[in-house]
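Just so you know, the sequences run in chain order A and B. According to numbering that gives the first Met the number 0, the first sequence is numbered sequentially starting from 0. According to numbering that gives the first Met the number 0, the second sequence is numbered sequentially starting from 0.
Be aware that a few hints might be false.
Unchecked claim - Some chain A residues near chain B, calculated using beta-carbon distances under 8 Å: (1) V61; (2) K65; (3) F68; (4) I258.
Said to hold, decoys possible - Taking beta-carbon pairs under 10 Å as the criterion, some of the chain A residues facing chain B (in silico): (5) V108; (6) V114; (7) A129; (8) F159; (9) F163; (10) Y252; (11) R260; (12) S263; (13) L274; (14) T322.
Said to hold, decoys possible - Subject to a maximum C-alpha distance of 20 Å in a straight line, what follows is the list of computed DMTMM-like cross-link-like pairs (lysine to aspartate or glutamate): (15) A:K133 <-> B:D205; (16) B:K107 <-> B:D24; (17) A:K133 <-> B:D204.
Because the hints were derived from the structure by calculation, they are not lab data. Just so it is clear, CB atoms sit at the ideal spot from N, CA and C, and this is done for glycine as well.
Here is what each chain is made of, one letter per residue.
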Amino acid sequence: MKEKLYPVHVALLIYILQTGVTLFSLPRLLAQHIGYNGWASLFIFSAIAIANILLIGLLHRVGKGKSIFVIIEQSLPKFIAFPLYSILIALWSLIGCLVMKQYVIIFQVFAFPGVHPMFIKALADFLAYALVIKGIYILSKAATNFFFVLFWLLLLLLFFVKEFHFINLTTFVFKDSSDLLMGGLGIYSAFLGYELSILLFPYAEKKGFVKAVITGNLLSTLTYLSVSFVSFGFYSIGQLRRIQFPIFDLLAYIQLPFIERIESLVFAIFLLSALIILSMYMWAAIEASRRIIPKANRKKYIALLFLIAYIVSWIPDTLHEVTRALRLLSFMEMGVAFGLPLFLLLLIIIQKGVKGRA
Amino acid sequence: MTSDNQQTTIPTLQHTLDNFKDCYDLVHHSLPDIQVDLVYFFHMIGHEEFDRDVITPLTEAGQPALQTLLKRSQYQLTLNSKHLIKGILEGSVAIFHNGDAYLVNVAKPATRPVQQSESETVISGPHDAFVEKAELNLSLIRSKLKSSHLKVIRLEVGEVTKNAVYILYIDGLANMDNVNELVNRIQLIETDSVYDNNMLLQYIDDAPNSVFPIFQSSERTDTAVSKLIGGRVLGILDGSPTVFSAPTSFFEFFTSPDDYYQLWPIGTATRLLRLVAIIITLSFTALYVSVTTFHYEMIPETLLLTLTESRSRVPFPPIYEALLMELTIELLREAGARLPSKIGQTIGIVGGIVIGQAAVQAGLTSNILIIAVASSAIASFVIPSYVMSASIRLIRFGLIFLAGILGNLGILMGIALILIHLSSLTSLKASYMTPLTPLNLSDWRDVFIRAPFWAMKRRPSQTRSPNMIENKMKK
Chain A
0 MKEKLYPVHV
10 ALLIYILQTG
20 VTLFSLPRLL
30 AQHIGYNGWA
40 SLFIFSAIAI
50 ANILLIGLLH
60 RVGKGKSIFV
70 IIEQSLPKFI
80 AFPLYSILIA
90 LWSLIGCLVM
100 KQYVIIFQVF
110 AFPGVHPMFI
120 KALADFLAYA
130 LVIKGIYILS
140 KAATNFFFVL
150 FWLLLLLLFF
160 VKEFHFINLT
170 TFVFKDSSDL
180 LMGGLGIYSA
190 FLGYELSILL
200 FPYAEKKGFV
210 KAVITGNLLS
220 TLTYLSVSFV
230 SFGFYSIGQL
240 RRIQFPIFDL
250 LAYIQLPFIE
260 RIESLVFAIF
270 LLSALIILSM
280 YMWAAIEASR
290 RIIPKANRKK
300 YIALLFLIAY
310 IVSWIPDTLH
320 EVTRALRLLS
330 FMEMGVAFGL
340 PLFLLLLIII
350 QKGVKGRA
Chain B
0 MTSDNQQTTI
10 PTLQHTLDNF
20 KDCYDLVHHS
30 LPDIQVDLVY
40 FFHMIGHEEF
50 DRDVITPLTE
60 AGQPALQTLL
70 KRSQYQLTLN
80 SKHLIKGILE
90 GSVAIFHNGD
100 AYLVNVAKPA
110 TRPVQQSESE
120 TVISGPHDAF
130 VEKAELNLSL
140 IRSKLKSSHL
150 KVIRLEVGEV
160 TKNAVYILYI
170 DGLANMDNVN
180 ELVNRIQLIE
190 TDSVYDNNML
200 LQYIDDAPNS
210 VFPIFQSSER
220 TDTAVSKLIG
230 GRVLGILDGS
240 PTVFSAPTSF
250 FEFFTSPDDY
260 YQLWPIGTAT
270 RLLRLVAIII
280 TLSFTALYVS
290 VTTFHYEMIP
300 ETLLLTLTES
310 RSRVPFPPIY
320 EALLMELTIE
330 LLREAGARLP
340 SKIGQTIGIV
350 GGIVIGQAAV
360 QAGLTSNILI
370 IAVASSAIAS
380 FVIPSYVMSA
390 SIRLIRFGLI
400 FLAGILGNLG
410 ILMGIALILI
420 HLSSLTSLKA
430 SYMTPLTPLN
440 LSDWRDVFIR
450 APFWAMKRRP
460 SQTRSPNMIE
470 NKMKK
């Protein structure tokens, strides 16, 4: 019997995929673009993500758990399918690489400002390569193990119980927002990651798959909600709009007799999350590339893909450039998240129509 | 003489003596009045059993009744010279009479008595441990596990040493796929000799290049029986005082029989303490290196003054200081293990205190590092399994090195690499990180805590036992 991913591992994989570096700037984005009590808008964003997941679930049911590449190749000729795969390969591999690059550049705020970020990124890429070559089952096991290192960090929120003031929340809801559309899209990018579940169809157990993805999304929502809620109660709205990474300052507030200023340690622990994001997006790119060159030596072409993505990710130099590039790629990824399931559903309907007439 | 010849040759006295030519310890005892020749190793037989089962019956029976006597079941007629030679090597006496050859099992090789385990001590609970003789070990297990469902398979390893390996499992509790897989792996071993259980394990390992042990070994009889009851398969190698169980999970190496002999809150607290000890032993020294090299801001002001004063006289960067002290501790530990016990303990204590104090006074290291390194060393000995403790001590060096290069990020890169490696390991094709991956919350009751016995009714999921609920064994 072939090994299958259990629903609990799918849920934890999606959770780790979604909960990334954006968490550290999310309260600022909510304050800037949504306004007062912007944390409450996370329910709306989560609902949109769940709607997208249900669309993926519909595809899973209608397609009977078939791989999306099989669905595409049953309807489209190679000269159409391969360019589509190429776009997906480029998109996914760049997203993964730039997420890691963003992580490294932010980490250099605390340490190693003189070291070229691509050196540290190369080490992280090596770790991701070691993970990706082992396949999706080991990747999901590693994600579960990383989860048990990461989730304890939520307990740090208990340090802010005394300093939390409801008065900081004010009585206004979503007032004083700015650039709602683009800002909203930027906030929604924090929920991206669930769309890769579309590639897990042939690997996961069919029963409970959609529930698992929704559970992962809800866990992410809970994490974002608790962190944002505490931030809105700790800071005033004015402070929250001005601090680029409010969570760092929040963590700097924690003082214990034997340790303080733990933000560098906590952010270092988030390397595990960034690693899973990089690995999963690279794995997605590799799954697409296997359809184009199925006979190539697996380890070699994975290494080649990592190398190409690494070289391309050298282009944006500063945090601002990386953030801007990621923003653009995130918008494209949102298009893929909604568009790809719809496109595949259309293909299945056409396939069924053709079969019916035949 | 080729093995093919041995298989087809009828065993004769001359052929047997030729095979054992130049073996001074072989005895050829002739009884010409009854035309019987005896061949045996004098140090392998029990002399009481030899008199009782061989000499006395043969001499009392005399020539006429000898043929009838030799038809008794304890005298095994042997038609194969290879089998006869093997019997003599195992301590049987070969009896040659009228062209026939018989074997009588009177083996009683020297063995030490059952004693307390030196490496796995418990505060309360049974203290008997296995010895080198496999048959005695089997009797120790049978005396604790009185069930006809306990099955034993006999195999052999080592082309020259021909050590017996016994595979034990409880029929109805063990998954037969595990049994067959283990038997298959042992049968595929091609080597001249296997001296110890831990050596055998390296031949059948799922990941022989991994730094982590894949199968658990134990000297304790209660541990062995508990593994069998859990649905695992046990292996006993003749000549080794430890037995191994399979499949094994990573977390099993951090449990001790003591946990079950104490009240469950105390057992739980002890297990949680061990988890804390693992974190300390892995990361304490590495964190010291990371914080003192790259992340000084993490130290509170009051502690910072003490630390800078302590480090002010040290000319080396923290990584060199830490590696030097860690190496010293490892040298002391290894030397203490090799020296005779009377000297070893003294050297360990005096060496540790003197070297530590002298190093601080000489300015080679700081006081706080001594505390960090000593705490890490003590924490590593909290781990019940010596083999796992050694693996974790080795990994610690890697983390210290990474901390010295990349600070906190280096430590997390090391931890990520360790977790990735652990995620890919299997033990007899079952996931090594059970019950984390695959996630099984009911197993957590006997892994991260020690739940009350009424709450631990299921066998470990890793064993894939056909009978997962305890107390449901068919009589």
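Now the hints, each set against the structure:
no.	hint	result
1	V61	violated (29 Å)
2	K65	violated (25 Å)
3	F68	violated (26 Å)
4	I258	holds (6 Å)
5	V108	violated (12 Å)
6	V114	holds (9 Å)
7	A129	holds (6 Å)
8	F159	violated (19 Å)
9	F163	violated (24 Å)
10	Y252	violated (13 Å)
11	R260	holds (5 Å)
12	S263	holds (5 Å)
13	L274	holds (6 Å)
14	T322	violated (20 Å)
15	A:K133 <-> B:D205	holds (15 Å)
16	B:K107 <-> B:D24	holds (15 Å)
17	A:K133 <-> B:D204	holds (19 Å)
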